[in-house]
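Enquirer: Each chain, letter by letter, is given below.
There are 2 protein chains.
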Amino acid sequence: MATYMTVRELYEGVYSKSLQDGMKVEIDGWVINNRFMGKMGFINFNDGTCFKNAQLVYDDSFADFEVSEKLRLGCSINIQGILHVTLDGRQPFEIHLTKLNLIGGVDDTYPLQKKKTSFEFLRTIPHLRPRTNTFRAVFRVRSVLSMAIHEFFQNEGFVYVHTPILTSNDCEGAGQTFQVVSDISHPEEYFGKRVTLTVSGQLHVEPFCEAFRDVYTFGPTFRAEKSNTSHHAAEFWMVEPEIAFADLYDDMDLIEDFLKYITKYVLANCPDEIDFFDQRIEPGLKEKLNNFVNKDFVEVEYTKAIDILLEAKKNGHKFNNDNIYWGLDLESEHERYLTEEVFKGPIFLTNYPKEIKAFYMKQNSDGKTVAAADLLVPEIGELVGASEREADLDKLTNRMKELGMDVSSYQWYLDLRRYGSCPHAGFGLGFERMMQYLTGMSNIRDVEAYPRTYKECDF
Amino acid sequence: MATYMTVRELYEGVYSKSLQDGMKVEIDGWVINNRFMGKMGFINFNDGTCFKNAQLVYDDSFADFEVSEKLRLGCSINIQGILHVTLDGRQPFEIHLTKLNLIGGVDDTYPLQKKKTSFEFLRTIPHLRPRTNTFRAVFRVRSVLSMAIHEFFQNEGFVYVHTPILTSNDCEGAGQTFQVVSDISHPEEYFGKRVTLTVSGQLHVEPFCEAFRDVYTFGPTFRAEKSNTSHHAAEFWMVEPEIAFADLYDDMDLIEDFLKYITKYVLANCPDEIDFFDQRIEPGLKEKLNNFVNKDFVEVEYTKAIDILLEAKKNGHKFNNDNIYWGLDLESEHERYLTEEVFKGPIFLTNYPKEIKAFYMKQNSDGKTVAAADLLVPEIGELVGASEREADLDKLTNRMKELGMDVSSYQWYLDLRRYGSCPHAGFGLGFERMMQYLTGMSNIRDVEAYPRTYKECDF
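Chains as they are written, first to last, in the numbering used here: chain F, 1 to 459; chain U, 460 to 918.
The set of hints was computed from the structure by calculation and includes no laboratory data. These figures come from a predicted structure and were not determined experimentally. A virtual CB, placed ideally from N, CA and C, is assigned to each residue, including glycine. There may be inaccurate statements among the hints.
In silico DSS-like pairs for lysine-lysine, Cα to Cα no more than 25 angstroms straight-line [said to hold, decoys possible]:
| # | chain 1 | residue 1 | chain 2 | residue 2 |
| --- | --- | --- | --- | --- |
| 1 | F | K193 | U | K914 |
| 2 | U | K763 | U | K777 |
| 3 | U | K558 | U | K511 |
| 4 | U | K685 | U | K511 |
| 5 | F | K455 | U | K652 |
| 6 | F | K39 | F | K24 |
| 7 | U | K558 | U | K498 |
| 8 | U | K529 | U | K575 |
| 9 | F | K193 | U | K773 |
| 10 | F | K264 | F | K344 |
| 11 | F | K260 | F | K193 |
| 12 | F | K226 | U | K816 |
Just so you have them, the derived chain F footprint on chain U, three or more residues with Cβ under 8 angstroms [to be verified]:
| # | segment |
| --- | --- |
| 13 | 654-663 |
| 14 | 897-906 |
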């Protein structure tokens, strides 16, 4: 009687020595590769439970030899065989086949063949690319990273809030939002008003921090930007925690703990996948991530950063945009100079001019800056945007009026400052940007299951 | 020096006896109630970390007496005080105040007052209702239930897939879908085609089970139904796992394990909240849930169920719809009769007529039925819909043609049957329906943070 197992259980059992050499096992899975050499055949086999393949071995005396010999990449099979533990070998075990059933074949139209296929081509077949090494690694990391996020917050006592996708309160102006209609000729019929897809859960999660103290939202958000770059998508996921009785420095501590926790979690739970990315996608990735979890994040005030950039310019450093002044919304080259050349690691840039930041940020006593912090990271640029929120009703209302906002439609949000207000702070992490940082995948389309971008929404 | 703590830490520390009677503590939070009787004042206090309140005590010799006496429900305060452990008392501890600072006041326009407010009224202030007992309980359960779902699947080795919200492949016909546009006068400009909000992640998650074996999606889904009932919402969350090399019976085992796990998890992690629902919302709830986790789910074939219903009718049971025949899509009263009168517990109704089920379900060899299973539960009706999927390319294609579907736009989905196909199965759980089952809250609007229904999308 064969024991039904998965490839993951085989690896775990062989390494922990809980499986007996010579035992009979049964597995279902897919053929990754099938080579016949001399009298011996070798099938690389994967059932999706583990990044690593299992090796199946057969010879020409095998009863199902004819089927085996013809197996193509991609076939699904059910096998039985004898486990041979080979801890000193190239792989820690092999299965010597005693039985093989073909479940689902493939013909020669199968788009995934042994030859290397480009990421561009694989984007045209998002339903098949998870079967390749790269995307099997990407999407397992995506799952593990999601779990890391939930574990961190739940362990810390945060309450997960499902902020709405549909909203009549659009936080950042109409230009970049998608509108939602049930009948195109009567766009406001269903809800009785204009409804859009959320661009951020922050405004909707803030009320919950005044009930539960520490909360987070983690879900899809949408921007209708018409840009076709490697880091913009129309649909992407955001992580947005909000903490009460907390200032910007509590927030920055939370960010550092959080990012280090989720990075360590992925390193610990996806070692094979990270090795793969380190070898095939971004050489040096593991070292980068190990530095990231071990290095202290440094705080640099915006004003100080401008001084540093002006000094660099004076000393002959060439910036494409060398019009550097207090008030400038820093560009990628400035951020990279600071993280890569000056501080050689992640920095929190803090206390930005209020003009270049959002209306809800706490106004500092200097009258010029707000209690905001962006986490800048070498190569990536901004990874996290954070701020303490303005908790004072009058200051917040005045700022909204200065900016010409329709204060009447934000009365519910202002209620938080009217009734039992408290200092609170939060941040936003673009989940896909974190995925790109952890995997080295340079295009956002390659870390999403079915990427949606300008002019692209197939399937 | 006072030790900064949360209410949860106080309860845990007092029960585990790790906190010293007489220690000095500091806490931030909100006033739930403030009574002054004779020379003593009592503040019920909550900081959101715990369903239970802490009791703060002061007398008229207290330095901040004047502030304390005037504190209204909803004020946020920072306090210091001495911990008095009273394990034999009505509550296990009190804090005798030594210092009190008002952080954020409230005026008499605050909509939450001591008098009982209706759920209908509270729906008009979704940003404030999480501060009430009922909604503090609901939204913590929602968070804990979400985590239970992730823990179950991740412990079982499932990969979490973020299936897309935006799709050009609308699974169940255009009538009940929302369309997404960036420019109402050029609705297809942004994506170059008609794009809608997903009604289910199933078709998009299936390809991942042919790569990772066991996968799940958990995210928002949308229906533009124009019905105004207590169990329909335009936006709601679905849990949809998909398992490869599995038939309907593997799927039913998974459903039973899963539902019992998440229910036990909520019972174990939200005991105070469940007690509250049992006492205030649905008397008998705890007994119902304990039965649910302890009782075996019974399988009843659809054909057998029809026989039972016909027999009941013959014996004089009155159904509003008594036109009972093989092929009938059972109505709620029929389902309730089966679960409440006949089997007195959850049942899997299996092998439905193919005419009343979806195109992708595996066709049984009788030519008439499909390998579907609905889990029916007393009072609620259908909790889960499950099926084995048709893995045979020809059978699936023929069924789609019979139903007049546009086969050409499903070629990617058919590829799963073309290349390395395998038996696979899955199910869908409406997350809000599970929330209603666990809390006894009878209206779906009361288990969503910001409910969106026909004609309702405020905030």
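Enquirer: Hint by hint, note whether the structure agrees.
Expert: Here is what the structure says about each hint:
1. F:K193 with U:K914: holds, 8 angstroms
2. U:K763 with U:K777: Answer holds: K763 of chain U to K777 of chain U is near 19 angstroms, not above 25 angstroms.
3. U:K558 with U:K511: holds, 22 angstroms
4. U:K685 with U:K511: Violated, at about 40 angstroms.
5. F:K455 with U:K652: holds, 8 angstroms
6. F:K39 with F:K24: Holds, at about 23 angstroms.
7. U:K558 with U:K498: holds, 17 angstroms
8. U:K529 with U:K575: holds, 22 angstroms
9. F:K193 with U:K773: It is violated: about 52 angstroms lies between the C-alpha atoms, which goes past 25 angstroms.
10. F:K264 with F:K344: Within the cut-off at roughly 20 angstroms; holds.
11. F:K260 with F:K193: violated, 43 angstroms
12. F:K226 with U:K816: Answer violated: K226 of chain F to K816 of chain U is near 40 angstroms, above 25 angstroms.
13. 654-663: Since three or more residues must qualify, the claim that chain F covers the segment 654-663 of chain U holds, with 3 doing so at under 8 angstroms.
14. 897-906: violated (count 0)
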